[in-house]
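Engineer: Kindly produce the complete structure, drawing on both the sequences and the hints.
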Amino acid sequence: MNRYPRWPIHLALIMASFVMLVPFYWVAKTSVSGENIYAYPPSIIPTRVQPFFYVDVWYAIPFARYFLNSLAVSVIAVIANVIFNAMAGYALTHGFRGKNVVLMLFLSCMMVPFQATIIPAYLITGKLGLLDSWLGLALPQCSTIICIFIFKASFDAVPRSLIDAARIDGLPEWRIIWHIMMPLSTAAIATNVILAFIWSWNNFLWPLIMTRSADMQTLPLGLARFLSYQEDTTGALYAFCIMVLAPGLLLFLLAQKEFIRGLTSGATKG
Amino acid sequence: MLKHRTRQTLLLWCFLAPSLAIFLLYRVMPVVWNFVLSFQYWSPLKPAEFAGFDHYEDLWYDDVFWQALWNTLLVIASAPIGIALALGLALLVNAEIRCRDVYRTIIFLSYPLMTVAVAIIWRWMFDERVGLINYVARSLHLVDKPIPFLNSFTWALPSVIAANIWQMLGFYMIILLTGLQSIPHELHEAAAIDGASSWRRLRSITLPLLRPSIFLAFVVGMLNSITSFDLVYVMTGGGPGRATEILVTYIYKLGFVQTKFDEAAAVTIVFFVLLIVTAWAANRLAGGNAGAAEIE
Amino acid sequence: MKRWLLNRFVLVPGAIALVALLWNIYVATHDHGHITGRVVDLAGKPVADASVVLWVYNFTTYQEHSHVKTDDAGVFRFMNNPSHRIQLSAEKPGVGRSERIPVFLYFRAEDFDLATPLKLAPSG
Numbered sequence: 001m002n003r004y005p006r007w008p009i010h011l012a013l014i015m016a017s018f019v020m021l022v023p024f025y026w027v028a029k030t031s032v033s034g035e036n037i038y039a040y041p042p043s044i045i046p047t048r049v050q051p052f053f054y055v056d057v058w059y060a061i062p063f064a065r066y067f068l069n070s071l072a073v074s075v076i077a078v079i080a081n082v083i084f085n086a087m088a089g090y091a092l093t094h095g096f097r098g099k100n101v102v103l104m105l106f107l108s109c110m111m112v113p114f115q116a117t118i119i120p121a122y123l124i125t126g127k128l129g130l131l132d133s134w135l136g137l138a139l140p141q142c143s144t145i146i147c148i149f150i151f152k153a154s155f156d157a158v159p160r161s162l163i164d165a166a167r168i169d170g171l172p173e174w175r176i177i178w179h180i181m182m183p184l185s186t187a188a189i190a191t192n193v194i195l196a197f198i199w200s201w202n203n204f205l206w207p208l209i210m211t212r213s214a215d216m217q218t219l220p221l222g223l224a225r226f227l228s229y230q231e232d233t234t235g236a237l238y239a240f241c242i243m244v245l246a247p248g249l250l251l252f253l254l255a256q257k258e259f260i261r262g263l264t265s266g267a268t269k270g
Numbered sequence: 271m272l273k274h275r276t277r278q279t280l281l282l283w284c285f286l287a288p289s290l291a292i293f294l295l296y297r298v299m300p301v302v303w304n305f306v307l308s309f310q311y312w313s314p315l316k317p318a319e320f321a322g323f324d325h326y327e328d329l330w331y332d333d334v335f336w337q338a339l340w341n342t343l344l345v346i347a348s349a350p351i352g353i354a355l356a357l358g359l360a361l362l363v364n365a366e367i368r369c370r371d372v373y374r375t376i377i378f379l380s381y382p383l384m385t386v387a388v389a390i391i392w393r394w395m396f397d398e399r400v401g402l403i404n405y406v407a408r409s410l411h412l413v414d415k416p417i418p419f420l421n422s423f424t425w426a427l428p429s430v431i432a433a434n435i436w437q438m439l440g441f442y443m444i445i446l447l448t449g450l451q452s453i454p455h456e457l458h459e460a461a462a463i464d465g466a467s468s469w470r471r472l473r474s475i476t477l478p479l480l481r482p483s484i485f486l487a488f489v490v491g492m493l494n495s496i497t498s499f500d501l502v503y504v505m506t507g508g509g510p511g512r513a514t515e516i517l518v519t520y521i522y523k524l525g526f527v528q529t530k531f532d533e534a535a536a537v538t539i540v541f542f543v544l545l546i547v548t549a550w551a552a553n554r555l556a557g558g559n560a561g562a563a564e565i566e
Numbered sequence: 567m568k569r570w571l572l573n574r575f576v577l578v579p580g581a582i583a584l585v586a587l588l589w590n591i592y593v594a595t596h597d598h599g600h601i602t603g604r605v606v607d608l609a610g611k612p613v614a615d616a617s618v619v620l621w622v623y624n625f626t627t628y629q630e631h632s633h634v635k636t637d638d639a640g641v642f643r644f645m646n647n648p649s650h651r652i653q654l655s656a657e658k659p660g661v662g663r664s665e666r667i668p669v670f671l672y673f674r675a676e677d678f679d680l681a682t683p684l685k686l687a688p689s690g
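As they're listed, the protein sequences go chains A, B and C.
The first sequence begins at 1 in the working numbering and counts up one residue at a time.
The second sequence begins at 271 in the working numbering and counts up one residue at a time.
The third sequence begins at 567 in the working numbering and counts up one residue at a time.
Honestly, the hints are just simulated from the structure, not real lab data.
The beta carbon of each residue, even a glycine, is placed where N, CA and C say it ideally should be.
Be aware that one or more of the hints could be misleading.
Stated by the list, open to error - Derived DEER-like restraints, expressed as beta-carbon distance ranges: (1) 588/C <-> 127/A: 41 to 49 Å; (2) 10/A <-> 415/B: 34 to 42 Å; (3) 413/B <-> 50/A: 46 to 54 Å; (4) 72/A <-> 639/C: 22 to 30 Å; (5) 178/A <-> 287/B: 12 to 20 Å; (6) 246/A <-> 415/B: 31 to 39 Å; (7) 179/A <-> 576/C: 20 to 28 Å; (8) 344/B <-> 49/A: 38 to 46 Å; (9) 594/C <-> 83/A: 36 to 44 Å; (10) 600/C <-> 413/B: 54 to 62 Å; (11) 62/A <-> 576/C: 27 to 35 Å; (12) 184/A <-> 294/B: 26 to 34 Å; (13) 49/A <-> 665/C: 17 to 25 Å; (14) 108/A <-> 331/B: 30 to 38 Å.
To be verified - Derived lysine-lysine pairs resembling DSBU-like cross-links, with alpha carbons at most 35 Å apart: (15) 127/A <-> 415/B; (16) 127/A <-> 316/B; (17) 127/A <-> 99/A; (18) 611/C <-> 685/C; (19) 29/A <-> 415/B.
Structural biologist: And the structure:
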């Protein structure tokens, strides 16, 4: 391996990091100081730091209600995801008639983006009577194909000897899953939880077309509505941005490895 | 013995049932429904009538549709720019330096964020009067007067594309990084011993072996940018005039603002066909069976 | 059990929940809506019997909410402030009026004591 100087690499990466981080800093700065809404040239260091825009946001919109809606929908989606995907992944580790058809179906569903289904999805949810409810908001997101394959790969890696021993002992199927395979697949469960939560938390289009009453709106919807009420005249909009970004960032920083592993499992053998 | 087999198969199908139900309900049926709906006159109040190709004919003569289609094609064509940048970053991060995990985290930070918030941030950064982009451009004396990025017909779509690339850069980089790290070291060492320069090694070893990752990054990037409803809706709402209207926003406006569900269904079918064709073309360009996500 | 408890997925949400609980307890015990302060004249002497007005933020503007008079020591006390964003102004005919001082609170009806007194300056 040849020796090459390291500092140009560090320099380039620092510049790239700077470009990626500057928007965060800018928003955080304005959310505590309210500058650069009208003033030009912009100041780099905030003067007159005050946290009261956050108080404004809390009372100007029903933030607690929106937060509760987003949280409830995400929790439903995550729990349903883990259960359904684990079940489907387990079923796919066995061979049975029609398995290839099912696999083809799943793979082709990956190519259908959500945006191509909004009109029928809306009509179907209406027919089910689930418009404007947490269950209706969560339902299209209750299963994802990437996560099914993650579970399948994780279950495939469980040694057959364990399963055979359990079968000989007479355990029923669901107990095999619950007591043997799930504890060995905590990584897959963690990845599933993170991915499902983030996708459900950030979802904007589906709540936009589904919710009728202001009560059931989720955070992204509330943010967009806040923008159209207040335009960008106060630092409150940016405080709202920070309040909305914080949970996603926190979750990402807590669970980086699982998140990245889940996203790249398609880049290696599924 | 037979009874146990059928019981087990039945159980497996029961396990598959919930996921299958959701996909049938929310992925398969909608495609079929859209297809049927695009050939009918239908509104929620009247029963359906057969319409033949009328809606498609209306689309053919619809200027907005062509503008949206053109914009969508431009957005797809911009995905390689992001991938090229991410490839550079991935090569840098893959080098043996300290703190590479820190760099990786920082660059990936933009992906898990709410796109609505990202759109608001970039909307403000591109602002004509107080935006950071204009400030930097004017400080570096690149321009004299501020550029109205989101209000001009020429700059609106590139601005949206730039914001999209900013958000996706980390994601592309992670995919390419995973691919880079799966190239065995011995190949590079053997080539270095044989006297190949770094540049030569990059071209002949790294890039060909990276093809599946590049293909995957392109498909994901294309899927993401073709469906970037959130970004366009919040940043420009379709742009000055229709300058940033993409097919997805047009579907939304036709279906849920003008409640013309049947015409929106026709646009959806065109959108879906475009998606399939682009993925197939990318597959051909990558040399067929690009090797991503092989299932045993 | 201990290993399960020290897991970062339990620690971090647990810490957040604890902070939220403590904050809510603090808010619940301090939200009577009492605003107190003093009124002085230009020389710094307390002014008795000045009328103080509480303005409450309402969407885009401030509206008058309640009036109160200062006692002999120049101290005024509001009992039922409902808002998180208010302004205070004082005046006494013959002595002058003060500017409208904005007060930002951390939560609605926070009990607050104005640190710098309202200064009455002769108008005109």
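Engineer: All the hints need checking, so say for each whether the structure fits it.
Structural biologist: Taking the hints in turn, this is what the structure says about them:
About 47 Å separates the C-beta atoms of residue 588/C and residue 127/A, a value consistent with the hinted range of 41 to 49 Å. At roughly 37 Å, the beta-carbon separation of residue 10/A and residue 415/B lies within the given 34 to 42 Å, and the hint holds. Checked against the hint of 46 to 54 Å, the C-beta distance between residue 413/B and residue 50/A comes to roughly 34 Å, which is inconsistent with it. The hint said 22 to 30 Å for the Cβ distance between residue 72/A and residue 639/C, and at roughly 52 Å that hint is violated.
The hinted window of 12 to 20 Å between residue 178/A and residue 287/B holds, with their beta carbons roughly 18 Å apart. The given range of 31 to 39 Å is respected by residue 246/A and residue 415/B, whose C-beta atoms sit roughly 37 Å from each other. Against the hinted window of 20 to 28 Å, the Cβ-Cβ separation of residue 179/A and residue 576/C comes to about 22 Å, which satisfies the hint. One distance hint, 38 to 46 Å for the beta-carbon pair residue 344/B and residue 49/A, holds here, with the actual separation near 42 Å.
For the hinted restraint 36 to 44 Å between residue 594/C and residue 83/A, the CB-CB distance of approximately 38 Å keeps it satisfied. At roughly 55 Å, the beta carbons of residue 600/C and residue 413/B sit within the given window of 54 to 62 Å. For residue 62/A paired with residue 576/C, a C-beta distance near 30 Å keeps the hint of 27 to 35 Å intact. At roughly 30 Å, the beta-carbon separation of residue 184/A and residue 294/B lies within the given 26 to 34 Å, and the hint holds.
Remark: the range hint 17 to 25 Å for residue 49/A to residue 665/C is upheld by a beta-carbon distance near 23 Å. Checked against the hint of 30 to 38 Å, the pair residue 108/A and residue 331/B passes, with Cβ atoms roughly 33 Å apart. With a CA separation close to 55 Å, the supplied pair residue 127/A and residue 415/B exceeds the 35 Å bound. Restraint check: the Cα-Cα separation between residue 127/A and residue 316/B comes to about 16 Å, which is no more than 35 Å; the hinted pair holds.
Of the supplied pair hints, the one linking residue 127/A and residue 99/A holds, its CA atoms being roughly 31 Å apart against a limit of 35 Å. Of the pairs offered as hints, the one joining residue 611/C and residue 685/C holds, with about 10 Å between alpha carbons and a cut-off of 35 Å not exceeded. Note on residue 29/A and residue 415/B: the hinted pairing holds, with a Cα-Cα distance of about 26 Å set against a maximum of 35 Å.
Hints 3, 4 and 15, counting from the list given before, are not met by this structure.
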